[in-house]
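Protein chains: 8
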Amino acid sequence: MNKTSLLELLAEVQRGTLTPEQASGRLANLPFEDLDYAKIDHHRSLRNGLPEVIYAAGKSPEHTSEIFARMAATGIDVLATRADEATAAAVLAATPTAKYHQQARAITLRQSPPAAPHGHVAVLCAGTSDLPAAEEAAITAELFGAKVTRLYDVGVAGIHRLLAQRDILATANAVIVCAGMEGALPSVVGGLVAVPVIAVPTSVGYGASFSGAAALLGMLNSCSPNVCVVNIDNGFGAAYTATMIARASHR
Amino acid sequence: MNKTSLLELLAEVQRGTLTPEQASGRLANLPFEDLDYAKIDHHRSLRNGLPEVIYAAGKSPEHTSEIFARMAATGIDVLATRADEATAAAVLAATPTAKYHQQARAITLRQSPPAAPHGHVAVLCAGTSDLPAAEEAAITAELFGAKVTRLYDVGVAGIHRLLAQRDILATANAVIVCAGMEGALPSVVGGLVAVPVIAVPTSVGYGASFSGAAALLGMLNSCSPNVCVVNIDNGFGAAYTATMIARASHR
Amino acid sequence: MNKTSLLELLAEVQRGTLTPEQASGRLANLPFEDLDYAKIDHHRSLRNGLPEVIYAAGKSPEHTSEIFARMAATGIDVLATRADEATAAAVLAATPTAKYHQQARAITLRQSPPAAPHGHVAVLCAGTSDLPAAEEAAITAELFGAKVTRLYDVGVAGIHRLLAQRDILATANAVIVCAGMEGALPSVVGGLVAVPVIAVPTSVGYGASFSGAAALLGMLNSCSPNVCVVNIDNGFGAAYTATMIARASHR
Amino acid sequence: MNKTSLLELLAEVQRGTLTPEQASGRLANLPFEDLDYAKIDHHRSLRNGLPEVIYAAGKSPEHTSEIFARMAATGIDVLATRADEATAAAVLAATPTAKYHQQARAITLRQSPPAAPHGHVAVLCAGTSDLPAAEEAAITAELFGAKVTRLYDVGVAGIHRLLAQRDILATANAVIVCAGMEGALPSVVGGLVAVPVIAVPTSVGYGASFSGAAALLGMLNSCSPNVCVVNIDNGFGAAYTATMIARASHR
Amino acid sequence: MNKTSLLELLAEVQRGTLTPEQASGRLANLPFEDLDYAKIDHHRSLRNGLPEVIYAAGKSPEHTSEIFARMAATGIDVLATRADEATAAAVLAATPTAKYHQQARAITLRQSPPAAPHGHVAVLCAGTSDLPAAEEAAITAELFGAKVTRLYDVGVAGIHRLLAQRDILATANAVIVCAGMEGALPSVVGGLVAVPVIAVPTSVGYGASFSGAAALLGMLNSCSPNVCVVNIDNGFGAAYTATMIARASHR
Amino acid sequence: MNKTSLLELLAEVQRGTLTPEQASGRLANLPFEDLDYAKIDHHRSLRNGLPEVIYAAGKSPEHTSEIFARMAATGIDVLATRADEATAAAVLAATPTAKYHQQARAITLRQSPPAAPHGHVAVLCAGTSDLPAAEEAAITAELFGAKVTRLYDVGVAGIHRLLAQRDILATANAVIVCAGMEGALPSVVGGLVAVPVIAVPTSVGYGASFSGAAALLGMLNSCSPNVCVVNIDNGFGAAYTATMIARASHR
Amino acid sequence: MNKTSLLELLAEVQRGTLTPEQASGRLANLPFEDLDYAKIDHHRSLRNGLPEVIYAAGKSPEHTSEIFARMAATGIDVLATRADEATAAAVLAATPTAKYHQQARAITLRQSPPAAPHGHVAVLCAGTSDLPAAEEAAITAELFGAKVTRLYDVGVAGIHRLLAQRDILATANAVIVCAGMEGALPSVVGGLVAVPVIAVPTSVGYGASFSGAAALLGMLNSCSPNVCVVNIDNGFGAAYTATMIARASHR
Amino acid sequence: MNKTSLLELLAEVQRGTLTPEQASGRLANLPFEDLDYAKIDHHRSLRNGLPEVIYAAGKSPEHTSEIFARMAATGIDVLATRADEATAAAVLAATPTAKYHQQARAITLRQSPPAAPHGHVAVLCAGTSDLPAAEEAAITAELFGAKVTRLYDVGVAGIHRLLAQRDILATANAVIVCAGMEGALPSVVGGLVAVPVIAVPTSVGYGASFSGAAALLGMLNSCSPNVCVVNIDNGFGAAYTATMIARASHR
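Chains as they are written, first to last, in the working numbering: chain E, 1 to 251; chain Z, 1 to 251; chain R, 1 to 251; chain H, 1 to 251; chain X, 1 to 251; chain A, 1 to 251; chain V, 1 to 251; chain B, 1 to 251.
Treat the hints as calculated values from the structure; they're not laboratory data. Take these hints with a grain of salt, some might be off.
For the chain E half of the interface with chain R, some residues (derived, Cβ under 8 Å), not all of them [said to hold, decoys possible]:
#1 L10
#2 A11
#3 V13
#4 Q14
#5 G16
#6 P20
#7 A170
Within a straight-line C-alpha distance of at most 20 Å, the following computed SDA-like cross-link-like pairs (lysine to any residue) qualify [as the list claims (entries may be wrong)]:
#8 V:K59 with X:Y152
#9 Z:K59 with V:Q102
#10 X:K147 with X:D77
#11 A:K59 with B:Q102
Okay, the calculated beta carbon distance ranges per label pair [claimed, not checked]:
#12 B:Q102 with H:R70: 49 to 59 Å
#13 B:R150 with V:Q111: 33 to 43 Å
#14 V:P96 with A:T17: 48 to 58 Å
#15 X:A86 with Z:P117: 50 to 60 Å
#16 X:A86 with R:H63: 25 to 35 Å
#17 X:Q111 with Z:E85: 47 to 57 Å
#18 X:D84 with A:E85: 49 to 59 Å
#19 R:I168 with X:E66: 19 to 29 Å
For each residue, glycine too, the CB sits at the ideal point set by N, CA and C.
Full structure from sequences and hints, please.
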C-alpha cells in the first residue's frame, strides 16, 4: 500500500462507501512496512545526509560498477569500499567522475556542493602497514563531510612521535586509531584526549597476532574508558561513527 | 621540576646568571612530565567535567572506602563501580551521603549543583538478565550529567517490543545497547537510529555463549555501521563514551 | 493506539471532521506496534497452543514464584526450566498444583484438559550423566503435548544397545539426542531414522571436552544430513522444536 | 549371506536336513548386516523418497561425473553439491539432462514425474553475499519436492524489509535462515513464526567473523526457542531437514 | 526375540507350519541385537579379562556404592575412578574388602586369584603435581594385571634424572607419561624407548597452560612417532590401552 | 672423545701414566654422548627393525631425492611421507626401484628380504575423503612388516557397513581409525574390538570442522577407553605405533 | 655407578685385571647420569649462586614447610612462591627466621652474608591490581641479589606517569613489566630503554581479557624488539631471567 | 620548536623582552617532543650501537630498496628482515655491497669497521624445518656484533644429539632456541645452561600445531625458569634481546 492507495481508502471512508469498522480491519492488516519503508529511508537520508555505500568485496567488478552508476544517477555522493584495481577500472569506466584511492581501496564520487567541514576527525595509525585501514577511515570521513587530520606512524614503541602531536589531537571532535600487532595505541591516545576514541584493530602482524585478534583483544581491554572498538580492518565503520560524533559536536 | 623551579630557572636567565644556551640544555633534559602531569590532570578535569571513578573489583572494602572518602573530600562527584554489598556498607559508613545502586553494583556521590542534563542517552537491554550492565551504564550516564531513558527487555525475539519504542529512540543523542546470548540487538537498533550505538556484550547465557564471547563477536560483526563495541559487561565504559557524545551533541 | 482510538479516528473521517489527508498523516506515524503487539501475541498463542515458559536461572526464587503464579492464574499450562531446589520450594508453596522434576530441574503446571498426544518424540541420551538435559527435553515435550519415549544410556561405545531399539526409533516423528564427550550418538541415530534429529550437546566430560564444546563441534559436523543442533545442555529448545515437528507430522 | 542363501538354509530346515538347533546356531552368527544393509537402504529410499546426493568437494570432475551418471542410470533424481564449473562441465557432458545452478554450486537431475509440492519451505538470507548457501538450500528443497519461497536480502539492520514479508513467512511449514556476520536474523525470524527455523551460519564476513564462527555462535545462543543450527555454509543439510518437516506438515 | 523364540520359529519351519519364505521375512526383521547383545558381552569379558569400571565423578556416593557392591557380588575385580573421600567412605562401608587409593582417587577390589603379571608398564610423570593422573594410571594397570614401575619427577628441565632411568625404561612393554605445563616429557621418552608411549596431558600449570590444553597440544605434535595421546588427566584410559599392549607383548 | 681416544686414556691408566683418580676426573667430563650417539642409533635399528623415514613436506624435491638415495645406499628399507608428484618424480629418477603411492603421498623402497608379516593391523576410514591419511597409514604399516586389512568408507551414519566387518576386525592386533568431520568412528570401533585403537583425526570437513579440530576433540573425548589419538592427518604416526603393537602381539 | 665403583674399575685397569678395551666397553654402558647428576647440580649451584625455590601452589602447608626446613638446614637462601596464608603460617612455625611477603605470596629466607647488589632490575606495573605479580618479581630479584627499583601504577592511559620515571629507567640493567588488560606497557617501555624488557602478562581484567590471554597476546606482538615474555602472572620467572641479565651486566 | 627557536626564546628572556612568567607559559606548551625526538634517537644509537632494521614483509621491493639505500647512505650497518627473492634483487641492485641470506630471508650491509665480537650467542634449532627462524636469529646476532654458534637439528626425540653439545652451550652468554611442533627443546636447554634462554616458537608443524600456537604455549609453560619467549618465527627479536644480554655479559 502506497500513499495513493491509503488516501483512496480514507476517501472511501469519507464518502461512506467504507465504514470505520471496515477500514479499521483493513488497516490492521495493512502492509505498513511498505509505507514505513519509504518513510524510514526518507527520514534516514534527511537526518544523516550521508552518502550511499557499496561493500565491493565479493561482488564482481561489473556488479559493483552497475550499482555505483545507478546510485550516482540519483545525484548523491557515493562510496565503494574494499574495491580492488579491477573493480576500480570498471567503476571509473562507467562513472568517469569517480575517483579511486588505491591505498584505501575506496572509490568516491562527490556530487554534493562544497561545504564547510562538519567537525574534525583525527585518524592515527601505529605503523605504515596500518595505512589501508587508516586511509579507508580518512577517505570515508572526508566524503562524509568531516575535516580529517592524518597522524600516521605514531606507534607506542617511539612514544615521543605521538606526544609531539598532542596539540593537534586536542582539537579533534573524535579520534580514530588504527593499530595491529599489540594494538596498544588507542589506550595511550585515550589518555591524551577528552573525546571518544574509535579503535580499529588491523590484521597487521604475524604469528600470535592471529590476523588481528591480538590487537582486537587488546583494544577491548583498554584501560582508557573513552575507547570503543570496531571489527578488524573496519576503517569504514570507524569513520561512520566518528563522523556522526564530529558532526554532532560541530553543531 | 615544578612551576616554582621553572620560574627560578627563567629568572636566572633574566638576571644573566644563566645564558640562554645553558638554560636550553637544562630544559632539554628537564623532567617536563612533572609539570605536564599536573597540567594534563588539570586540563582533563576542566574539559571533561566528569567525576572521579573507582573500579572496586579486587579492592578490599576498606581500601575502596578510604579512596572514596578522600575523593569525596575534594568536593567533586564520585563513582565506584563493581562494588559488592560489603564494599557498599564500608563506603556508606564513611561517606553517608553516598548512594548504593544494588543492581548496578555502583556507588555514587553527587556533590555538584543540580544542572540541566547534557544530552540524552538511551540505554537498552535485551533481557532482564542484562540489567546489571544496563544499570551500570544508566547510573554512570546520569551521574555524568546526561538524561537517561531506560528501554529494557526489548530483545529481538519479540521485535515489536523494540519497534514500539522507536519514537523515544529517535530523540537520543547516543544509544547504549546491552545484550548477551546472540548479541543481535545492537544491529537492529543501529538500523533504526541515526546516532552512534555503543554495544555492550554481557556475560548472560550458557554453553556456547562462552561467558559473553558469542555476543561480543556478534556485535563486532554488526552489519550496522554505526555500532561500536566495548568489553563484556562494561556498562561503565559505554556510558563514559556515550556521555561524551551526548554532551557534544547537546552543545 | 488501541482499536477504540483507531475506530474513533476513522469515525472522524466519516464525520468529515478529519480529511483523508490528515488521517493519512496520523496513521503513517501511528504506534502500530501496540496494535500489532496484541495481535501477534494472540495469534501466536492460538497457533502454537504452547505453554508459557520461565527461564529460572539467575532469577530469585521469589521472582520466579511470583511470575509462575501470575501465569498460572490465566489458566494456561506453565513451565519453569533450570529451577533449583530452593526455587522449586518457593514455586510449589505459591502454586501447590505445580510439580517439580528434580533431575530435569523443571517445574510444570498442567491446567489444560487431557488430550491425545500430538505426535511422538523419542529422547535418547548417551550416558547417565546426560540425564539432566534429556529429562529437561522429555518433560518439556510431554507438557507440550507429545508422546515421549525415553531411550537412555545407549552410547556408541556399546552400539548394540542402540541397535536393539531401532523398532521404537522408527515410530518417532522427531528424535532428540543428548550426548556429551565426543557427541557421536546423533550421527549414528541420524543414519537409522528418517525424521529430523535434534542434537543436544551436553557439558558432560572433562579435559578436552571443554565443557561441551567438543560434543557441540562433533554434532555440527555430523555426516548425517538430518541432524541439526541446539546450544549446550539446551534440552528445552530441542523439545520445543521437536514438538513442533511431531505436531505437524501428527496432523 | 544373501536372501538366496537364507532361503536355502531355511529350506534345509524344512527338508529336515538341518535341525532347528543347528539353524539357530548358524543364524546367531550370520552376517546379518549384509541382509540388513540392503533392507535398510531399501526402506530408507521408500520412506524418504529423497534423491541420491553426491558431495563433490574434494572429488575429481571425472569421479563425480561417473558417480552421477551411474546414479542417474537407476532412474532416480540426483543432486551434486559443492560442484565447481569444471565438475559441472564434466557431469553435463556425461549426463546432458542434468542442470547446473551456478550460484548454488549444485547440479540437479530430475527424473521423477511432476507432482504437487510436499509442503512449503521459506529460504531467507541476510545479504546478497549469503546467496551461495541460500541457493544451495533452495535448490535442494525444490529437488526434494518442496515449494520454496525465496526472501533474500532481509538483514536485521533494515528490519522493515523483513517485517514486510511477514504474511508470506506465516504460510511456511519450515524456515531456513542463512546469515553471516553477526548471524542475528534467525532470532528475529524465530520470533515471527510458529514453525521450526533452521539456521545456516555462512562464512560471510571478515576479521572477527572468523570465517563464520561468530555467526555460528550467535545462532546457537538464539533467544528464540524454535531455532536450531547446522554447520557453516551447510545449506544442503538445512534443506534436508526442512524438507522432512515440510513434508510431515503437509500430510 | 530370545533363543527360545528363535528355536520355536525354526521348529515351525521344521513342522512345515511356516515356509522358508515366511521365516526369512520374520528373521530379516528380528531384533538380532538382543541375541547379539548377550553374545558380544560374553565375548568381550572372555577376551579382555578386564575388571568392571565405574566412573564415579558426578555420581552420588550412594549411587557409586550400590553399583560397586552389585558388581563385586559377581566375583570379578572392580575399579572406581575419580572417587572422592565421601564416595570412598560409602563404598568401603558397603564393600569392606575394597581399598581406597587417595592420591589416585581410585577404589579397587581384587577378587581374582593371584597371578604372574601380564607384561610390564612403566608410568612416568614430570613433576609431583602430576601424581593424581600417574597414580590413577599405575593403580589401574596393576589391577588389570600388569607389573608397574613408577618413575616419578623426571621432568625435562633436569634431563639427567630421566637418563638415569634408561635401563629400567628399556624393559617396559609400554610406557605411560604424565606431564602438565609444556608436556615435553613424552617426546624425550619416545626417543629413548622402542615401545609405544601413551601420553597423558595433565591439568597442572597456570596461566597459558589453559588447564592442560598446552600440554595436550604439545603431545599431539610430538616429534617422536611412537607417541599417542589420551584426554587431559585420563590416567585410566592410558592404563587401559597400555595394559592391552603389555599383555599382548607378554604372550 | 671417540673410541680411539677413550682407549688411549685407558691405556695410560694401564701404563700407570694416569692414576685411576685422574682418569675418573677426565671421564666424568667426557663427551660420552658421541659414543652414546652411535650406540643408541645402532641399538635402535637392531631393536626396532624399522625403516628410515623422511618427512618430505617443506623439503625441495632435490633435497628429498638426495636423502632418499643416500639412505637407500645403506641397503635398508626407506619411506618418504607427504611427498607430492614433483618430489616423487625426483626420487624415482634417482632411485628407480622406489615406488610412489599417489593417494598416500608416500614413496617406499623395500630392500629387505620377504618375510611373514609381523602381526595384523586393520585400517578403517569413515569416508572416501579420509583416504590420504588412511593410505599413508596402510602403506607405512605394510612397509614396517604388518599384514594390513583396509576397511574403507564405514562411517557411522550407515552403521551396518561397519558391523558387517566385525569378524575381520576381531582378528586385528591393532586398529587404526581415520575420520574427519565429527570423528565418531573410533568410539564405535573401540566398543567392538578388544585391542588398542589408534585414532587419526583428518582435516576433512568444512566450517565448524576447523580443519580437523572438531574430529580431534571428539576422539580425545572418546567414551571407549581403548582409544588413543595422534595428530590431525598423522597416518604415519598411527601406523608406527600400531605396528609396534601388532609386532609385540605377534611374537 | 658411583664414584667409588668408577675408581674401582679404573684400579682394575691399573692392576691389569681389566684391559683398556674391556674397560672401554663397560664405560660406554655406564650409568653416567648418576655421577653426572651430582656433578651437574653442584656446577649449577656454583655457577648460578641462586637460592633454592619451592613452588607452593598445590602443595599442602605441611609438605611445603618440611621441604623449606630441609633446604634451610643446608645454609642456603630459600624462596617459596605462591604461598597462601596457611602455608606461610606453617613455614614460619618451623623456620622462624623466614619472612612472609603477603602481596607477593612469597616466603624468603636469607642466610647468605650481606653483599653489594649484583646489578639493577626495575620492576614496573601498570595498575595496582598487578601488584601480586610485580611484588613476586621484586622479592625474587632482591633475594637473588639484585638492586630492585619499583615503579608501580604507571599504566599507558596516563603516559606522563611513566615518562616522569625515564631517568630511573635508564639506569636499570633489565626491566620487568607487569600488566594485565591490554598489556600495552612493555611496548612503550621497550621504546624508552636500551636493555631487555621481560614482560609479565597478569590475569587482571574481565570479559575479553580471558584471564590474561589478551595481555599475553599483546606482549608477544610487541613492536619493540627488546621485549620477551613469560607465562601469565609468572613474576618469579621474569625475575629469574632478569637477575641473570643484571648480574651479567654488572660484572 | 627546534633548538634555534628555543635559544631565541631564551634570548628574549635574557633581553628582558619576555618575562620568566611568559616564557614559563610558552615552555609549558612547547612541543618538546620534536627536540626530544632527535635527542632520543641520537642517544639510542649511541647507547645501542645497533644497526637500522627494515621489516620488509608487506613492503614493495622498490619501497624496501629505497629505504635500505637511504639508510646505507648514512654509513651505518643495515638489516632487512623477511625479504623475499624479489626484494633482495631490488635491494642489491641499488646497494651492491649488501648481502642476501636466502634461508634467513635477510639482507645485511656491514659498513662498520671489523671488531672483536661482543659476547657469545648460541642458536639452536630442533629440526631442519626451523632453519629460517634460526638463521634469521643467527644473521641478526652476527650483524649486531656477537659471536654466533649454530647448533642445529638437536631436537628432543634424539636427546643425545643435544647432550653432545653441552660443552659448547656452557660457553654462551645467551641461548636462542627455535622449535616448532611441541616446542619442548627450550625447557631441556634451560635445564642445561645457566644463562637466559630466548625461545622462538616456529610455525613448523601441521594439524594441531595450529601454525606454531602449540609450540608457543609449550614454551610459555616451560618448567625451566630461565626461559622467556618471543612471537612465532620471530628470530630477529630473539637475536635483538640475546645480543643485548651477550653484550652486557661481555663487558
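Can you list which hints this structure breaks, lowest number first?
Of the numbered hints, just 7 does not hold.
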